[in-house]
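Visitor: Residue strings, one per chain:
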Amino acid sequence: MTFTHQSGTAPASTEASVPYLRLRAVTKQYPTGGGVAGVDLTVAKGDMLVLLGPSGCGKTTLLRTLAGLLQPDSGAIELDGQDLVSVPTFRRNISMVFQTWALFPTMTVRDNVAFGLKMRHVGKQDRNERVARALELVGLTEFADRLPRQLSGGQQQRVAVARAIVVEPRLILMDEPLSSLDHRIRVQLRAQLKDLQRGLGLTGVYVTHDHTEALALGDRIAVMDAGRIVELGRPVDVFARPTRRYTAEFLGLANVVDVSADGGGYRTAAGARIPDDVIAGRSDVVAVALRPDCVRLSQTDDGGTPGVVRVVEYQPGGVLHDVELTGGARLQALTPVGLSYSIDTPVFVTPEWSKAVPLAD
Amino acid sequence: MGRERVRYPAFAICFTLLLLVPLVVVVATAVNPGAYIKFPPDGFTLDWFTTAVETPRFQSSLLLSLRIAVIASVVGLALTIPTAVAITRGRRRLRPWVSTATVLPLITPDMLLALGLLIMLVQIGMASSLIGLVLGHVLIGMPLAVQVLVAALSGVDENVEQAAQTLGASRATAFVRVTLPAILPAIGSAAVFLFIFSFDNVSISLFLSAPGQTTLPITMFQYLEYNSDPTVSAMSTILIVLSLVVAVVLSRLGGLSHLAGSPTRRSS
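For the protein sequence lines, the chains are A and B, in the order given. Under the numbering used here, the very last position in the first sequence is 361; numbers go up by exactly one each time. Under the numbering used here, the very last position in the second sequence is 268; numbers go up by exactly one each time.
Don't read these hints as lab results, they were simulated from the structure. Everything numeric in this text was worked out from a predicted model, so none of it was measured. Be a bit skeptical, because a hint or two may be false.
As the list claims (entries may be wrong) - In silico lysine to any residue, SDA-like type, Cα no more than 20 Å apart, as pairs:
1. A:Lys124 - B:Arg177
2. A:Lys355 - A:Asp276
3. A:Lys118 - B:Arg177
Produce the complete structure using the sequences and hints provided.
Guide: As structure tokens, then:
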């Protein structure tokens with residue numbers, strides 16, 4: 001395995017038949033609370049799995065357990081059919097990119113990248129070539145002789161990535177590697193990271209609390225809450241059709257409206273009936289998610305619920321209105337730029353319940 | 001190092017001069033031609049320096065002091081580096097206690113420490129041995145050395161060592177290859193502190209020196225009891241010059257700035 005993979009020849013992410021990495025009932029609890037409990041996961045070779053969740057949900061604990069920096073209390077971790085738990089960190093051949101990047105402060109960029117190869121006793125000539133190639137991949141060839149503190153944040157991050165990939169790890173772990181960067185650089189590096197991972201056919205686990213990052217990088221996304229995985233799937237499914245209220249609320253992309261069963265159908269607290277084909281016969285529905293662009297606003301009384309626009313926010317996809325309905329409930333509505341209303345405008349709100357997504361608890 | 005240039009206000013300059021006055025007096029008395037210590041000196045001569053260097057008592061005790069100081073630095077580092085690692089990497093709850101305990105020798109009167117050590121060494125039959133003296137000197141220098149090292153270690157990102165482990169380094173290798181180089185300046189500072197605390201020490205040496213094994217400060221003290229010629233001033237001047245060299249080295253290594261909580265070397 002060298003850096004000769006082209007983007008097209010990388011294993012397709014949909015061929016998820018053979019689990020490359022498998023976690024079974026992995027539990028790691030802290031006496032002070034937190035940690036993970038009974039996590040089952042599989043990752044296919046060449047896939048990038050994103051662990052998404054708020055701070056304290058256990059995603060970093062899980063990642064450190066994979067790296068061997070933490071020992072699980074119970075459960076099994078297998079990589080390529082081999083048990084990992086009994087293997088010490090330095091023999092796992094699993095690279096990790098840290099949130100703080102954790103570059104070796106006294107070593108030059110070149111020595112930082114060469115470190116893993118030195119530890120593997122790779123001969124000098126081979127080592128130099130591979131370091132040069134890795135630095136070229138991340139575009140830092142001319143910075144090879146600098147010390148980490150002489151680099152910008154984005155550059156340091158790229159050194160950390162180069163250092164991690166140069167050893168051709170069986171698995172690459174990333175712990176919010178972009179979170180301490182400016183937005184613009186973050187977006188830029190995000191794309192480079194995805195490109196690199198695909199191009200090299202690397203299998204990865206990526207931890208983040210940022211759902212845009214999860215969308216951009218993940219072949220699959222695992223949403224975590226309080227040490228458990230509550231939702232797992234392709235990014236498009238998790239985002240467009242979340243199945244749990246927690247996920248919908250955490251992603252914050254849609255209105256989450258509580259519903260309750262009422263004589264064979266489901267109604268909102270305000271009394272609106274949710275169409276039966278939305279519920280699709282499920283019995284565990286406690287709420288529905290409704291994207292803001294499925295909420296219509298009008299200034300003339302078209303039978304909608306009356307309300308007042310409280311907050312207006314310009315977004316790339318239109319104008320987001322936060323509307324206070326009579327009775328105090330709030331609903332977000334997205335309208336095209338030309339059709340927006342100003343703050344304190346009385347409006348009539350018509351949610352298209354047929355486009356709602358049912359949510360379990 | 002692109003540090004911001006500090007402007008020294010008048011107060012700081014006055015204060016510094018005040019601190020230096022005794023040293024200036026000592027240096028001035030060393031060049032007095034007469035066989036007595038006098039300030040201001042009556043003339044100028046360097047004869048007392050020759051006398052000081054040629055006095056056998058001074059020669060032997062200077063050598064002894066240097067030897068003990070070097071041994072104390074080496075032994076001290078061997079003890080303080082693991083201690084500092086244990087404090088920074090150990091259990092968080094125990095950290096303040098261990099940290100306080102290591103500072104105790106600094107705030108206890110030296111006399112009491114010396115007395116306690118003497119009693120202890122007599123009990124185990126090691127009184128009047130060089131080992132006892134070295135131990136005492138290490139004890140005196142340890143608090144500051146530990147603090148310097150702890151401050152430096154706290155400034156090293158813990159993830160750095162873990163990153164080295166994920167790249168294939170065992171824990172020991174990771175420490176030696178990554179953490180140790182990062183705190184090398186602090187280790188230098190700690191060694192210098194251990195050296196100075198040993199070299200300067202009077203009270204511990206007073207209790208623990210074996211007969212015929214007097215360190216330089218004790219010899220100078222004894223000499224002053226019966227003599228009043230500037231030989232001691234000349235010897236002191238030599239020591240002052242040596243100390244200045246050490247001070248420069250120390251400030252180059254970061255010295256006390258390690259204690260002031262600015263050891264981080266990560267770029268902003």
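Visitor: Could you run down the list of hints and mark each one as holding or not?
Guide: Quick rundown of the hints versus the structure:
1. The hinted pair formed by Lys124 of chain A and Arg177 of chain B meets the criterion: a straight-line CA distance of about 18 Å does not exceed 20 Å.
2. Note on Lys355 of chain A and Asp276 of chain A: the hinted pairing holds, with a Cα-Cα distance of about 12 Å set against a maximum of 20 Å.
3. For the hint linking Lys118 of chain A to Arg177 of chain B, the alpha-carbon distance of about 11 Å falls within 20 Å, and the restraint holds.
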